[in-house]
Amino acid sequence: MKEITLTKKEIYESYARLTFYGNAINENDYKIQFQFNKEIRNYNIVYWNQNKEFHLLIKKLNNFSQELINRNEGSKLSITTSSFDTSYIDKLKKIERNQNSILLLIASDTGITHILSLIRQKWYETFLSSTKIFWFYEDNFFLPDYIQKEYPIVNRVDFHYYPIDYDEYNRMEFSRQIIEKEVLNYYKPDYVLIIGDGKINHALKGTLIVNDISENQIETIAYYNPNPLKRIPPEDGKLRTGFTTGACAAASAKAATKVLLEKKLIKEIKTVLPNRMEVIFSLKRCELYEDKAICSVIKDAGDDPDCTHLAEIVAEVKLINEKKVILKGGKGVAIVTKPGLGLEVGGPAINPVPRKNITENVLEILKNTPYGAEVTISVPRGREMALDTTNARLGLIGGISILGTTGIVKPYSTAAYRASIVQAIQVAKERGISTLVFTTGGRSEQYAMDYLKSQNIELPIEAYIQVGDFIGTGIKHAKKIGIPHIIIFGMIGKLSKMADGVTQTHQAGSSVNMMQLANYAKEKGASENIIEEIKKANTARHVLDICKKNNIPIADLICKDVVKVMLNYAYNKKRDEIKNEYPEEWLKEFKIDCYMTDFDGKLLGYYKNS
0 MKEITLTKKE IYESYARLTF YGNAINENDY KIQFQFNKEI RNYNIVYWNQ NKEFHLLIKK
60 LNNFSQELIN RNEGSKLSIT TSSFDTSYID KLKKIERNQN SILLLIASDT GITHILSLIR
120 QKWYETFLSS TKIFWFYEDN FFLPDYIQKE YPIVNRVDFH YYPIDYDEYN RMEFSRQIIE
180 KEVLNYYKPD YVLIIGDGKI NHALKGTLIV NDISENQIET IAYYNPNPLK RIPPEDGKLR
240 TGFTTGACAA ASAKAATKVL LEKKLIKEIK TVLPNRMEVI FSLKRCELYE DKAICSVIKD
300 AGDDPDCTHL AEIVAEVKLI NEKKVILKGG KGVAIVTKPG LGLEVGGPAI NPVPRKNITE
360 NVLEILKNTP YGAEVTISVP RGREMALDTT NARLGLIGGI SILGTTGIVK PYSTAAYRAS
420 IVQAIQVAKE RGISTLVFTT GGRSEQYAMD YLKSQNIELP IEAYIQVGDF IGTGIKHAKK
480 IGIPHIIIFG MIGKLSKMAD GVTQTHQAGS SVNMMQLANY AKEKGASENI IEEIKKANTA
540 RHVLDICKKN NIPIADLICK DVVKVMLNYA YNKKRDEIKN EYPEEWLKEF KIDCYMTDFD
600 GKLLGYYKNS
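Its first residue numbered 0, the sequence shown is counted upward by one per residue in numbering that gives the first Met the number 0.
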């Protein structure tokens, strides 16, 4: 903790600049932290002259920032300073540049302070002429004229700035469109740094990637919203439902049909969901042309952490002289390239229930006319959103799928996740894959890939399926459709639950059986003291640490019981029979292997019946 003396304070309409001196603050101390009500608040230092005069630009916020602004000049502040992860700076310095090199720095809101800190450093001098800065700001932050006047170094770069809306969707979409229009249409940056609102960062990163900017050329630093896909559950615990992409597509299509038929613009449309519920959707776009109409709806996923939350679902409708609906996929809707999804290969990834729902809603408008309709569904940011899905693995290329069986999104829906597992297994089956690897997440999947490759076992990417907590769903469906061999790969927490007879391993629905783990240790010759220590352990990881420390190899025993439980489950044994031994003849048609790694990917043990 350091103490600095605040020497100057300037108050503007909605923000302030605090000035202080600090000889103990280093060149890379970008981040300044103030203790307030047992919380740490972070701000970015703009370090300006040779006398180590520091500027701190802050927005007027409730409580803390207002208190900081109101402190008397000359008062002492206790602060902590630290640098952001500066590995990107080392990467930046190594970029091989030529006369056409472009370094693109993008900031939202107060992220501009980090860029000001970066570009004023001596080593950055040679980068200034090839730097483009794009700043998206709300008008209650410090403004561009202030930045240009007080920090004239920005006038040595190509500096662009745009006010953005407070609305979450509008700010993401506007910033994305600007970067696409003003940068990607003309340049291919050699390096991109995006700083500020994590949701804008995420939207822009996806846009850059689908425009052929390599992911390793892009760095992001989130000042807030660090996980843009995460929803914060409401304090009262009541999660809000949302609407599926299919429901939104049906609403857009029905609205565009109505506009085209009646030649009149509208602001909202009432539709019927697949579950027969009537819902009114507000329209984002409503456009009428001579031979077509275009309408769109912004998808609200409620409190579900869905990557398509705030997606714009667009429908373009043209009338045809035949009483039917022809459905097409436009930009951002995936193309089906592999069998097994119940969709035509080469066609758009619009699932059967949404297809039916779109058709019914459009024909309702056209029921007293001789017309049918050609409906093209598109999702402007679908290609970017698909980066957060496993669509490519399933052979869904170029965008997202139009999904939904009821029209309603239930937050954290287990049904939706189970459906995705079944779908992935179906695709593997259609591809003729006879061995599937079930993992509990991305990390265990990578460990499985690395290990199997080291054993010269080459499997296609479709063979790897992240079943998460739903190992039972995966096992049952694989057995049902005749997949003969399953490899389970995981770590001690999930595997120990499976070994205890749990087929749905979510933390809230099950707990680790410490007594069982203690019994494994006993079987391996552990002392009474160690057995008691394991019984009192906090977590499965804690047990693993105890066993490693005392050289007690229990992984094989856990893996063996996982295989036993899952085989019994596959053959529909009752709950009280699931830990029993299984007959050898089962293995003639269905085999399961299980491997356990530690948290760094090192193999701890396995059991194979293949």
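Worth flagging that the hints you see were computed from the coordinates, not collected in a lab. The C-beta atom is built at its ideal place from N, Cα and C for all residues, glycine as well. There could be a bad hint or two in this list.
Stated by the list, open to error - With beta-carbon atoms standing in for the labels, derived distance ranges:
#, residue 1, residue 2, range
1, Gln176, Lys327, 19 to 25 Å
2, Lys330, Thr538, 45 to 51 Å
3, Lys479, Ile334, 49 to 55 Å
4, Asn274, Asn154, 55 to 61 Å
5, Glu363, Lys572, 15 to 21 Å
Unchecked claim - 30 Å max Cα-Cα, derived BS3-like pairs, lysine-lysine:
#, residue 1, residue 2
6, Lys601, Lys572
7, Lys428, Lys590
8, Lys452, Lys409
9, Lys291, Lys269
10, Lys337, Lys523
11, Lys121, Lys93
12, Lys330, Lys131
13, Lys262, Lys475
14, Lys607, Lys547
15, Lys452, Lys291
16, Lys559, Lys523
17, Lys523, Lys601
query: So the hint says 49 to 55 Å: do the beta-carbon atoms of Lys479 and Ile334 match that?
result: Once the Cβ atoms are compared, 29 Å apart, the range 49 to 55 Å for Ile334 and Lys479 is violated.
Pair hint Lys262 and Lys475, alpha-carbon separation not exceeding 30 Å: violated, 53 Å
message: For a C-alpha distance cap of 30 Å, please report whether Lys291 and Lys269 respect it.
response: Holds, at about 20 Å.
query: Hey, Lys428 versus Lys590, does the alpha-carbon distance stay inside 30 Å?
result: holds, 16 Å
30 Å Cα cutoff - pair Lys330, Lys131: This hinted pair holds, its Cα atoms lying about 29 Å apart.
message: Just to be sure I understand the hint, the distance between the Cβ atoms of Lys330 and Thr538 should be within 45 to 51 Å; is that true here?
response: Check passed, 47 Å falls within 45 to 51 Å.
field: Status of the given 19 to 25 Å range, CB of Lys327 versus CB of Gln176
entry: For Gln176 and Lys327 the Cβ distance comes to about 24 Å; the hint holds.
Distance restraint between Lys601 and Lys572, which requires alpha-carbon spacing of 30 Å or less: The hint is violated at about 33 Å.
Pair hint Lys523 and Lys601, alpha-carbon separation not exceeding 30 Å: holds, 20 Å
field: Pair hint outcome, Lys559 versus Lys523 [Cα-Cα no greater than 30 Å]
entry: With Cα atoms ~14 Å apart, Lys559 and Lys523 stay inside 30 Å; holds.
query: Are Asn274 and Asn154 spaced within 55 to 61 Å by their CB atoms?
result: holds, 58 Å
message: Just to be careful, I want the Cα atoms of Lys121 and Lys93 compared with a cutoff of 30 Å; is the pair within it?
response: At roughly 16 Å apart (the allowed maximum being 30 Å), Lys93 and Lys121 satisfy the hint.
Checked against the numbered hints above, the structure breaks hints 3, 5, 6, 8, 10, 13, 15 and satisfies the rest.
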